[in-house]
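S.K.: Residues per chain are reported as follows:
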Amino acid sequence: MDIIDRRSNPHGKNIENRRRALERARDAVQKAVREAVASGKLREAGQGNAVSIPADALHEPGFHRVFSTGERHIVLSGNHQFSRGDRLRRPPAGEGGGGGGSGQASDEGGGEDSYRFLLSRDEFLDLFFGDLELPDLVKREIAATETTAPSRAGLSNDGSPSQLDMGRTMRYSMARRIGLGRPKPEELKEIEARITELEETRPLSDVNAEELEALRERRGALRQRLNRIPWVDPVDLRYRRFAPTPKPSTRAVMFCIMDVSGSMTERMKDLAKQFFLLLHVFLEKRYKTLDVVFIRHAETAEEVDEETFFTDPRTGGTVVSTALAEMLRVQRARYPMQQWNIYVAQASDGDNSPSDTPRTAELLEQEILPLVQYYAYIEVMGSGAVIRGDTDLWRVYREISERQSHLAIRQVSDRKEIFPVFRELFARRTTEQAGRV
Amino acid sequence: MTETPVTGAASQAGKGLLYQGADWNFHIIRDCYAAIEEIAEKELGLNVFPNRIEVITSEQMLDVYTTNGMPVSYSHWSYGKRFAGHENAYRRGLMGLAYEVVINSNPCISYLMEENSATMQALVIAHAAFGHNHFFKNNRLFQEWTDPSQILNYLEFARGYISRCEETHGLEAVERILDAAHALQGQGVNRHSGSRRIDLKGEQERARERRAWEDRSFNDLWRTLPPVNEPETEPDGAKSAIRRQFGLPEENILYFLEKHAPRLAPWEREIIRIVRLIAQYFYPQPQLKLMNEGCATWVHDRIMTRLHELGRIDDAAYMETIHSTTNVITQFGYDQGSTSFNPYALGFAMMKDIARICTDPTDEDRRWSPDIAGNNDPLGTLRHAWAEYRDESFVLQFLSPRVMRDFRMFRLLDDTRDPYLLVDAIHDEAGYRDIRRTVAASYDPSAWYAEIEIVDVDTYGDRTLRLEHRTRQGQLLAENDMKLTLKGLADLWGYRVILQEIDAPSGRLLATHEAIAHN
Numbered sequence: 552m553d554i555i556d557r558r559s560n561p562h563g564k565n566i567e568n569r570r571r572a573l574e575r576a577r578d579a580v581q582k583a584v585r586e587a588v589a590s591g592k593l594r595e596a597g598q599g600n601a602v603s604i605p606a607d608a609l610h611e612p613g614f615h616r617v618f619s620t621g622e623r624h625i626v627l628s629g630n631h632q633f634s635r636g637d638r639l640r641r642p643p644a645g646e647g648g649g650g651g652g653s654g655q656a657s658d659e660g661g662g663e664d665s666y667r668f669l670l671s672r673d674e675f676l677d678l679f680f681g682d683l684e685l686p687d688l689v690k691r692e693i694a695a696t697e698t699t700a701p702s703r704a705g706l707s708n709d710g711s712p713s714q715l716d717m718g719r720t721m722r723y724s725m726a727r728r729i730g731l732g733r734p735k736p737e738e739l740k741e742i743e744a745r746i747t748e749l750e751e752t753r754p755l756s757d758v759n760a761e762e763l764e765a766l767r768e769r770r771g772a773l774r775q776r777l778n779r780i781p782w783v784d785p786v787d788l789r790y791r792r793f794a795p796t797p798k799p800s801t802r803a804v805m806f807c808i809m810d811v812s813g814s815m816t817e818r819m820k821d822l823a824k825q826f827f828l829l830l831h832v833f834l835e836k837r838y839k840t841l842d843v844v845f846i847r848h849a850e851t852a853e854e855v856d857e858e859t860f861f862t863d864p865r866t867g868g869t870v871v872s873t874a875l876a877e878m879l880r881v882q883r884a885r886y887p888m889q890q891w892n893i894y895v896a897q898a899s900d901g902d903n904s905p906s907d908t909p910r911t912a913e914l915l916e917q918e919i920l921p922l923v924q925y926y927a928y929i930e931v932m933g934s935g936a937v938i939r940g941d942t943d944l945w946r947v948y949r950e951i952s953e954r955q956s957h958l959a960i961r962q963v964s965d966r967k968e969i970f971p972v973f974r975e976l977f978a979r980r981t982t983e984q985a986g987r988v
Numbered sequence: 175m176t177e178t179p180v181t182g183a184a185s186q187a188g189k190g191l192l193y194q195g196a197d198w199n200f201h202i203i204r205d206c207y208a209a210i211e212e213i214a215e216k217e218l219g220l221n222v223f224p225n226r227i228e229v230i231t232s233e234q235m236l237d238v239y240t241t242n243g244m245p246v247s248y249s250h251w252s253y254g255k256r257f258a259g260h261e262n263a264y265r266r267g268l269m270g271l272a273y274e275v276v277i278n279s280n281p282c283i284s285y286l287m288e289e290n291s292a293t294m295q296a297l298v299i300a301h302a303a304f305g306h307n308h309f310f311k312n313n314r315l316f317q318e319w320t321d322p323s324q325i326l327n328y329l330e331f332a333r334g335y336i337s338r339c340e341e342t343h344g345l346e347a348v349e350r351i352l353d354a355a356h357a358l359q360g361q362g363v364n365r366h367s368g369s370r371r372i373d374l375k376g377e378q379e380r381a382r383e384r385r386a387w388e389d390r391s392f393n394d395l396w397r398t399l400p401p402v403n404e405p406e407t408e409p410d411g412a413k414s415a416i417r418r419q420f421g422l423p424e425e426n427i428l429y430f431l432e433k434h435a436p437r438l439a440p441w442e443r444e445i446i447r448i449v450r451l452i453a454q455y456f457y458p459q460p461q462l463k464l465m466n467e468g469c470a471t472w473v474h475d476r477i478m479t480r481l482h483e484l485g486r487i488d489d490a491a492y493m494e495t496i497h498s499t500t501n502v503i504t505q506f507g508y509d510q511g512s513t514s515f516n517p518y519a520l521g522f523a524m525m526k527d528i529a530r531i532c533t534d535p536t537d538e539d540r541r542w543s544p545d546i547a548g549n550n551d552p553l554g555t556l557r558h559a560w561a562e563y564r565d566e567s568f569v570l571q572f573l574s575p576r577v578m579r580d581f582r583m584f585r586l587l588d589d590t591r592d593p594y595l596l597v598d599a600i601h602d603e604a605g606y607r608d609i610r611r612t613v614a615a616s617y618d619p620s621a622w623y624a625e626i627e628i629v630d631v632d633t634y635g636d637r638t639l640r641l642e643h644r645t646r647q648g649q650l651l652a653e654n655d656m657k658l659t660l661k662g663l664a665d666l667w668g669y670r671v672i673l674q675e676i677d678a679p680s681g682r683l684l685a686t687h688e689a690i691a692h693n
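Line by line, the protein sequences are chains Y and P. If you read the first sequence in the numbering used here, its first letter stands for residue 552, the second for the next number, and so on. If you read the second sequence in the numbering used here, its first letter stands for residue 175, the second for the next number, and so on.
Same shape as in the complex, but just chain P (with noise of 0.2 Å):
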């Protein structure tokens, strides 16, 4: 009897192997597809963007490392350094090239290499077309943060609007403002003031409506009108009038300049703005990396499982994902050099042990998930984690001990007085909360972004304006890296700009830094 692939079946169970050997076509694909997606709705059932898969080279997959995974972006400078970096790497053989890359839009694209065996193309739809897919689709942050419908129309525009100031101002001007806005990046993002998913689509209409109306009231006299003498004086009491009028503090220091810098041409303001939006689209991913891949490599393990044991694909492929899962899944010791935390390792064993808690609890389990141990609902209490937890609060929610074990974790005290580093806690009953309150907090994101914030400006005398960074624990800005920040910054606000690091805690002044305009 010969084996042929059937789809479009309600069942699968005796369907045959959907495809033998490491060769693939795009039948093979369709059909894999199609048994995946079965398995993805009906076993699992995820909620998924609409999916659109795209095969592609190793060297454009080199371009889609360079612009963090986005199929088009605007011309700088930096994105050549990566892509000369992954280029130079992938060439020396030091860097493999992942086996696909997925983008956070609707519809979900999906690139997948065509170096890969069927069985990877598989796999990385099962991990990327549905896992990561349904990440984006369900998760609370990624839902309040990012605008998938419309971020790659806004690339396009944003792409399309820096060339052509390019064009009209010259590459040097535009280079600055971009230079100066990317430095920024961190601090373009409202952390504390409640989300504002931002309408990408009415951005571009905002803007085109913007330049037409200049072009309409251009008027070549106004040029030649006097300066108004307007009478600079401070009234008493001005301050808080002042903080009220430029909404400060600020944290949002792209925000603020976009808004209030007085010498910044219109155009200039749209650039920070894209910049600042750009970055606001990525703020949530490093957040939720580790449930991110965690929830991906589960879903791509289980529904690989599934479909051998449904007789879909042969004994090789099976052992060829079970070879590749390992190998994502690996995570090195301390004295393997290994300094943090590989998110697909932890994600995966922690999503595995959530599931096995559901359904095979022991005691330990019991006393310590009381809430979910023997649930007997492993794939609604996943779902549940997927959509309402971040990086931070899911370690902190579902870091079990059974987790702490095996990955035989230990908490090192580094304290600069001392001369050596102290191990105080270890994978026992006295160390597991301290263990894992600390690995939750390395996945804060206030942890990485530095707390800078606009806390005054100086609008009757030299327009001075005034940052604070309220330090962490003593420590302060890289000296270096803040130099040129906020040198860029005081460009772009076109005045003196002073940092002052305050000490969190006591308020005490640590370091004031000082930068002037360059013209």
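Isolated chain Y, as found in the complex (with noise of 0.2 Å):
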């Protein structure tokens, strides 16, 4: 009999053939993540989740049987109360009435309705925005900065102790061992039991007494040499070494911009709220850094942290064109545009003063729409769904957004359209990439 302790073999051997159901129901899953983001969890999501696909993606056909007419006998267990010729009322369709072994179970899929797949991070923002990519890359190489990244490069003769490619030492120190003539250890042991022996047998002959000379002297030399040859020398050492290799990174600032102005309600706000959630995780997700500013404002517009951006409440009227201002001052002080993805992201109800207007369209046409790599304006509408004109703000933004092209507008009034209108803004555009690049 063996005993074998396989507890430290790899673990995982059904990575790959997970990863092979997860292609073959890409489709399936894919829906299923959107639907999880579409019911509102998406910061849950985004940590990775369990996401239920229906069984029929996987379904693995074969002949069997169903029993739909005629008779059968099933012998159950379990008898109390019956005796012969008892009549029982006929479990519900679907049940089957049990018995008969296996093999009905997937019949129409009822057995088997669903299966659930524990996603990582990284495979449910894989698959949440499969098809969605960054609109106008252009600038990513201009504006790539350099950074380093440590890779190897060869071997060196110093470095840290960490590093010791102990093979390649231990190789060398082998083959300098060998051509130097370093004598074995066991050889030297072997003679010093032999002097050892020599020296205890009484009386000595005069051969062996020349012979214990002899090894006596052997054994000299053999320690001599094993001194002067060393075991590892330091020119032996090799150390893995790592050369700073330049990598281009890309940076990303992304300007949340919300008019949070007594017109607009919570439910307004949850609706931008979830939209730059959205486009936050999106670009974490293609950015190795990114930056994200919260511009509030009402009459006057601040920069603001998180926290507050999304829960304290205020109330004033609307001056969209400070938001602007405050967020073309931010870019100037803190993101030159030769060194940073510059994203907007702005969400209103569309209210606007009207002596205002004109100067929000001079300012985002001619000084901002240049400086960024995409303007995203979503106005969230009431719940009421009250028929009403177009907003001044979407009117003027509209007729802008024709000429400008990274100008994108639409409206939302429901949580449901959040994530096919992200959908739109974002989805993969090759033709049209293609023939502006």
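Honestly, the hints are just simulated from the structure, not real lab data. Just so it is clear, the structure is predicted and the values come from calculations on it, not from any experiment. Beta carbons are placed, not taken as given, at the ideal position from N, Cα and C, and that holds for glycine. There could be a bad hint or two in this list.
[Stated by the list, open to error] Computed list of chain Y residues with no C-beta within reach of chain P, every gap over 12 Å:
#1 R569
#2 A587
#3 S707
[Claimed, not checked] Pulled a few chain Y residues facing chain P out of the computed Cβ check, cut under 7 Å:
#4 I555
#5 R557
#6 P561
#7 K564
#8 H624
#9 L627
Since each chain comes alone in its own frame, lean on the hints to assemble the complex.
M.R.: Now the structure itself:
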């Protein structure tokens, strides 16, 4: 009998199989992921989550019979009250009356109705944003900043002990020892043993005395040689060398601008928040470093932290241009456009004080749009779905967006629409892209 | 006096405890194994394959689950699906993991979970390494159908071969073949034409030689030869010649495709062969589930009891054994949602009952089982049953009135024309035989596998393949599954496939289905 401890063997034999299953059910999984987000669990969802997909996406067919008509016998256990001839009410269809062994389960997918997959954060986001991409990546190259990352670059003679390449060092050491003829310790031991043996022999014959002498001499020589030729010499040492390699790393800043005036209800803010979150997760996945700047405005604008941005209510009128001006100020101070990809997402209910609208339009078109990669404007509408005309802001933005393709404007009135709108904004536009570059 | 484990002694009485408490180490496992082996071989007369015991973690156990207990398997998405299912159920606490998994191989590999207590390790060694192992080695069905000494090598070969195919021909092409072949797994075994134990080692040699020959004899010029136009006329009365040529009717669809499908490449045939051979290896297992588990449970129960009697395990360990055995052999009644018999429960009850009939029969037993009642050789009787029967015949032969009463069995007649279910037999003198016959029939493999045969190939026309399903009591094939499977079959065959469902007694045609090849 053998006992083998397999506990330290590599785990995760089925990672590849699991990946294939996910790949096969990709459409279903993607749908499930998006539903999970649509139902408003983005925060948790982004952390990686379980999704359930319908079983038929991964169904394995086979020939098997189903009992539909005719007679069959079933033997069950646990009879407490029946006698021969008793009649039982037939259990509701689908339960099948049980019995009959296996093989009926997957009829109409009844047995195994769904599968749950635990997805990691990366898998989740990959599926979630599968066919989306950042618009206008042209600047990505221009704006790439040079950072360095260590990468393997051969071997060197010195380095930190943690980088010692043991295998190579020992190879050199062995070659040197063989080359220089370093005596084997076993040989020395043998001689020493023989010497001890002879020394203990009394009386010592002449032949033995001679041998002892010779051996002692040899021992001296061997010891000397052993001491002179070390086991490992500094010349053997090889360290893994790392050289800094320049790596293009892209940086992006995302400006979130939101109207927090009295006309924005909590629900509308919540819609805007959903959109900002999506954009944030999306950008985070694409850029190594992502800064987010929150700017809120009513009559005046200010940069605030995330907490305040989403929770602290304010009231008052609306002057949109103040927010744009604030955004420009921050950008000039901290995010030079040569080094940063700049994204702006603005959410508002479309109200603006009439006198401010021309100024807003001017700021947007003349100053901001030339700087940014993409400017998304989301107009959130009240729940009552009151039919109303275009807002001032909408009219002006639409005009500009007809001239400037990287200004995108959408209207959103319900939570469910957030993701479709988001997808629409970032859907892959290969042909258009190719045409422009 | 201190109690120290003693091993290797001829007799164990008074040798002291093997262990105390729940913790185990490899010495304890070795000692337990030795003590168990002595009882198994000397007292129970078990005859087993050499054992190999492997200790694994729960994560590795999940992997083992996924591949039907096999340590290696080729990659396929269906394993990923199963893995996700098990993993999910396990992580959410819906499912516990088995304490062990054992493989019918030589040497016989038992996987032990590291979480098990010392008692559980001893119990599963007795259960798997001796109970199941003896059954694997001695049952005729296993002997005839499986080649335990080569299965692991063959699986290794299969994995290598399929991954090479994936490199050469692409994942998609391989997956297409595997999907279609998996769907036909149930139709990949020769059930009726006598057993054919396959030399799995020879299989690998064969594939290797064929590849080498293909490499050697490759000549690109052949490709440029113009195709020969053979005269395609169907001589009269050629039907029987075709049937002979193709060996029709053929129930083993995978075998037929491997040999005769006109448009498959050699590697595609080899993959079909791999699926077929693995299906054949697993073919006996469901037919022997009841006996196999019954045998293993009876053996572990007996061995652990003996260990306790000999003073090798303490009372606490014995209580744990009883507790765990009781959990395993619980049979829920119909009103607790159980629709079938727990193979551990029924199997164990029958084994115990046979031993009882041999040593302490009642008058009823003498009437029902005159040949074994009171023969005072329970071990010999059980060993004979384990070797010579399968579940169906075992139940038919050995299910006694006593067990039927203990399980409170009753039989229902489900006639779809009636709005009710009729109780037409219960555990009484008038009902025993009916109940026994029906229980036995539910273990008959022909009750699970659809009887489908290839009956005709239109060699001179459009190469349509004709299949027949002989239905049982109006049970047609599940429609969606049948369509998908048929489609896969048509893809493998390369041409049109027609499946007719025929009512077996009357020969009446019930339904016709058709699928055409995808490309």
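S.K.: The structure should be examined with respect to each hint, and the outcome stated for every one.
M.R.: Hints, verified against the model:
1. R569: The claim breaks: R569 (chain Y) does not keep its Cβ more than 12 Å from every Cβ of chain P (closest is about 4 Å).
2. A587: holds, 16 Å
3. S707: holds, 37 Å
4. I555: I555 (chain Y) check passes; min Cβ-Cβ to chain P is 5 Å, inside 7 Å.
5. R557: holds, 5 Å
6. P561: Result: violated, 9 Å to nearest chain P Cβ.
7. K564: holds, 5 Å
8. H624: Result: holds, 5 Å to nearest chain P Cβ.
9. L627: holds, 4 Å
This entry does not satisfy hints 1 and 6, going by the numbered hints stated previously.
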